[in-house]
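Chemist: If you want the building blocks of each chain, they are given just below.
2 protein chains.
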Amino acid sequence: MFNIKDRSITVFAPASVANVGPGFDILGFAINGLGDTITLTHRDDEQYVIESVGADLPLEPANNVATVALRSFCDHVGHSGGFDIRIEKNFEPGSGLGSSASSAAGAVYAANELLQAGLSKEALVTFALDGEEVASKNRHADNIAPCMLGGFVGVTSCDPFKAFSVPYPNDLKVLVIFPDVVIKTAEARQILPQTIDLGTGINQAANMAGLVTGLIRNDYALISDSLQDEFAEPFRKKLIPLYDEVKAKALAKGSMGISISGSGPAMFSFFRASTDTSELQQELKALYKQANIGVVFHESGINHKGAELLNDKL
Amino acid sequence: MFNIKDRSITVFAPASVANVGPGFDILGFAINGLGDTITLTHRDDEQYVIESVGADLPLEPANNVATVALRSFCDHVGHSGGFDIRIEKNFEPGSGLGSSASSAAGAVYAANELLQAGLSKEALVTFALDGEEVASKNRHADNIAPCMLGGFVGVTSCDPFKAFSVPYPNDLKVLVIFPDVVIKTAEARQILPQTIDLGTGINQAANMAGLVTGLIRNDYALISDSLQDEFAEPFRKKLIPLYDEVKAKALAKGSMGISISGSGPAMFSFFRASTDTSELQQELKALYKQANIGVVFHESGINHKGAELLNDKL
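Residue numbers (the numbering used here), protein chains in the order written: chain A, 319 to 632; chain B, 319 to 632.
Possibly wrong hints are sitting among the right ones.
A pair holds if it fits inside one copy or across any two, identical chains being indistinguishable in the list.
As the list claims (entries may be wrong) - Derived pair list, reagent style DMTMM-like, types lysine to aspartate or glutamate, alpha-carbon separation capped at 25 Å:
{"id": "1", "residue 1": "Lys-491", "residue 2": "Asp-594"}
{"id": "2", "residue 1": "Lys-565", "residue 2": "Glu-505"}
{"id": "3", "residue 1": "Lys-480", "residue 2": "Asp-515"}
{"id": "4", "residue 1": "Lys-439", "residue 2": "Asp-537"}
{"id": "5", "residue 1": "Lys-623", "residue 2": "Asp-537"}
{"id": "6", "residue 1": "Lys-439", "residue 2": "Asp-543"}
{"id": "7", "residue 1": "Lys-623", "residue 2": "Glu-406"}
{"id": "8", "residue 1": "Lys-480", "residue 2": "Asp-543"}
{"id": "9", "residue 1": "Lys-556", "residue 2": "Asp-363"}
{"id": "10", "residue 1": "Lys-555", "residue 2": "Asp-363"}
{"id": "11", "residue 1": "Lys-556", "residue 2": "Asp-515"}
{"id": "12", "residue 1": "Lys-623", "residue 2": "Glu-440"}
{"id": "13", "residue 1": "Lys-555", "residue 2": "Glu-617"}
{"id": "14", "residue 1": "Lys-565", "residue 2": "Asp-362"}
{"id": "15", "residue 1": "Lys-565", "residue 2": "Asp-489"}
{"id": "16", "residue 1": "Lys-439", "residue 2": "Glu-601"}
No lab work stands behind these hints, which were simulated from the structure alone.
Can you make the complete structure from the sequences, with help from the hints?
Modeler: If you want it as C-alpha cells, here you go:
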C-alpha cells in the first residue's frame, strides 16, 4: 500500500500567528493567502531530496523541518521510501508567521494523503512537532496546530498533544505588519523573565478568558479589552522598532487590538472586515520610512481550512 | 422620590463559588438554594439597624458588609434615610461560599429596588465591592459579580468594574463539600507565593482558555481537562484535611473536576445533572468520619438569576 510509485501530491499549509495576545504559548490562528505549497513525489530510492522555492531553506534532510517531520511520520506508518519534496514559500522565514510550522505540517499532511495512511489531522500534529522542534529548539504547537487544523486553536499540552478549537466571528480580519528587521528567536526567548508576579499571572489568565469568550461570542469590545499580553509583549516589544507608535496608530484607526505575532518582528492587528485599513497602512509606511525601515503588509481573513489538498496527480 | 416611608422589600442574593479552578481571582458562579434573604425597611431616622438571623454577623454598621455597601450606594444616589436591615443567612460565613458577597450584593440590590434608583446590576457591583472590601480587606469581585448577575462571570478589572458572562451547559450541577474545619482567609492569602514560574502562568492561562471554551461549547471533556489550578490549589489544599482523597474519590465517581471554593474549606465539584452523587457522599462521609471531622453537602444547579426580588410589600 505504501509502495505506489510515480505519484505526487500538492498541498497548501497556511502561515499562522501564534502568541495571540494573552495566549502566549497557547493560542494561534491560521491566515489566508500566505503559506507553503508543498509537492511530495515518490522516488525510486530512499532519499529525501528537497527543492526550496521562494526561500533559502536548509537542503540537508536532517536540518530541514519538513523532512524531519516527514521522517517521523514515515517511521510511524512504516514507509521507508524516498520523496522529492518541493517547498514553495510565499513569505519570509523568520518573520514571526510560523514558517517552520507551515513546512512541517504541510509535509506531514501531504505524506498522509499520498500514502493514504488515514491519520486524523489531530494525530498528524505530533509528527509535525518533531520537525518544528528542529527549527525552534522548543516543542510548542501554537503554530503547528492552527496551521494543520485551521481557525483559532488553543493548545493545552504538547506531549500528548491536546488542543481545542475556538470559534471566532465570521467578519474578523487581520492585518499583519512586517517591519524589515531581523529578530533572533533565541534572543526573543532569552529576553523573557523566568518568573512573574502572581498578579501578572492572574491578569494574563483573565485576559485569556476574556479573549476566548469574546471570540466565541462575537463580542468585539471584549476581544478589544482582552487582547493584552503581560508575559511577553512588555519585553519583546523593545526588539521591534516603533512598536508603541504602531500600536497607537492601529488602535486609533479602528483596530480591535494589536500584538506581536510569534516572536516578531511581525505584528498582527484585528479588524472588522468592513474596516478600511488603507489609511493606516499609509501612515505606518510613512512612520517606518522616517526611520529608514521598510515595512510591508498582509491583510486577510482567518484561514478556517488549515492544511489542504490542492491537487492529487494520480 | 427617596423619602417614601413605611415600605419594605425582600430580596434573595445567592451564595457563590469563586476561584473556579484556573479562574483563581477571576471566575465565579452563583449556586441555587444557598444565600442571603435580605429585608430592607425604611426607618424614620437615619440609623442603620441590623438584624442577623441564622448567622452571627457584626451588628455595628461600620463593620457589617451589608451596611457599608448600603452606605456607599445611598451616598451615590443621595439618600440619607435609615433602614432596618434583616439578613437571614442559610449557610455559614467562612465556608468559602462568598458569604460577605451575598450580604453586600443583596443589600445594594434591595436598596436599588426599594428606592427605585434604576441602576443596572452591573453598576451596583461597585457599591457592593465597597462592602466586600470590609470583610476581605481585598477588593475582588469574583464572588460579588456572579452573586449579583447570576451564572458564571469572569472579572477582568475591579476599578473600574469590568466583567463578562460565560454561558454554561444547562445540565451542569455542582456538589459543594463542606468539611467542618476553619480556614482563616488571611492565612489562605499568606500561603500563596508572590511570584510564579512563567511556565506555571502559561499553564494557568491555557487551562483558563480551555475551561471557558468548554463551558460555552458544552464540551465536558474539555471542562474536565481544564479544571486545574496551579496558582492556589497546590498551596491551599494543605489547609483542607483529606483534600487529595476527596478529589480522587470525586473523580472516580463521575466528577468533571473538583477544586477549592474561594479560599476553602468548601470544595466544589462539577457533575452532569444525570449523575447520582449519593454514593460519593456516603464515601466522603465515611472518609471524614475516620478523621473525626464532620462534613455536609449541598448539591444544586447553577443559579442563573443572581440577586432577585422576592416580594415588594408596597
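Chemist: I want to check one pair: Lys-439 and Glu-601. Are their C-alpha atoms no more than 25 Å apart within a copy, between two copies, both, or neither?
Modeler: neither (41 Å within a copy, 42 Å between copies)
Chemist: Taking 25 Å as the upper bound on the Cα-Cα distance, should Lys-565 and Asp-362 be classified as within, between, both, or neither?
Modeler: neither (53 Å within a copy, 57 Å between copies)
Chemist: Taking 25 Å as the upper bound on the Cα-Cα distance, should Lys-480 and Asp-543 be classified as within, between, both, or neither?
Modeler: between (27 Å within a copy, 9 Å between copies)
Chemist: As a check of your reading, is Lys-556 near Asp-515 (CA-CA no more than 25 Å) within one copy, between copies, both or neither?
Modeler: Classified as both: same-chain Cα gap 20 Å, cross-chain 22 Å, threshold 25 Å.
Chemist: When no copy is specified for Lys-480 and Asp-515, does a C-alpha distance of 25 Å or less occur within a copy, between copies, both, or neither?
Modeler: Answer is between: at 21 Å across copies they meet the 25 Å cutoff, but 27 Å inside does not.
Chemist: Evaluate Lys-623 and Glu-440 at a C-alpha cut-off of 25 Å and name the case that applies: within, between, both or neither.
Modeler: within (13 Å within a copy, 39 Å between copies)
Chemist: At most 25 Å between alpha carbons: which applies to Lys-491 and Asp-594, within, between, both or neither?
Modeler: Answer is within; shortest intra-copy Cα gap is 11 Å, inter-copy 46 Å.
Chemist: Could you place Lys-555 and Glu-617 in one of the four classes (within, between, both, neither) given a Cα distance threshold of 25 Å?
Modeler: within (21 Å within a copy, 49 Å between copies)
Chemist: If the cutoff is 25 Å on CA atoms, where do Lys-555 and Asp-363 land: within, between, both or neither? Let me know, please.
Modeler: Answer is neither; intra-copy 48 Å and inter-copy 60 Å both fail.
Chemist: When Cα atoms must be at most 25 Å apart, do Lys-439 and Asp-537 count as within-copy, between-copy, both, or neither?
Modeler: between (29 Å within a copy, 20 Å between copies)
Chemist: Give the relationship of Lys-439 and Asp-543 under a CA distance limit of 25 Å: within one copy only, between copies only, both, or neither.
Modeler: between (33 Å within a copy, 21 Å between copies)
Chemist: My question is about Lys-623 and Glu-406: at a cut-off of 25 Å on alpha-carbon distance, are they close within one copy, between copies, both, or neither?
Modeler: Answer is within; shortest intra-copy Cα gap is 19 Å, inter-copy 56 Å.
Taken one by one, the earlier hints fail for this structure at numbers 9, 10, 14 and 16, listed in ascending order.
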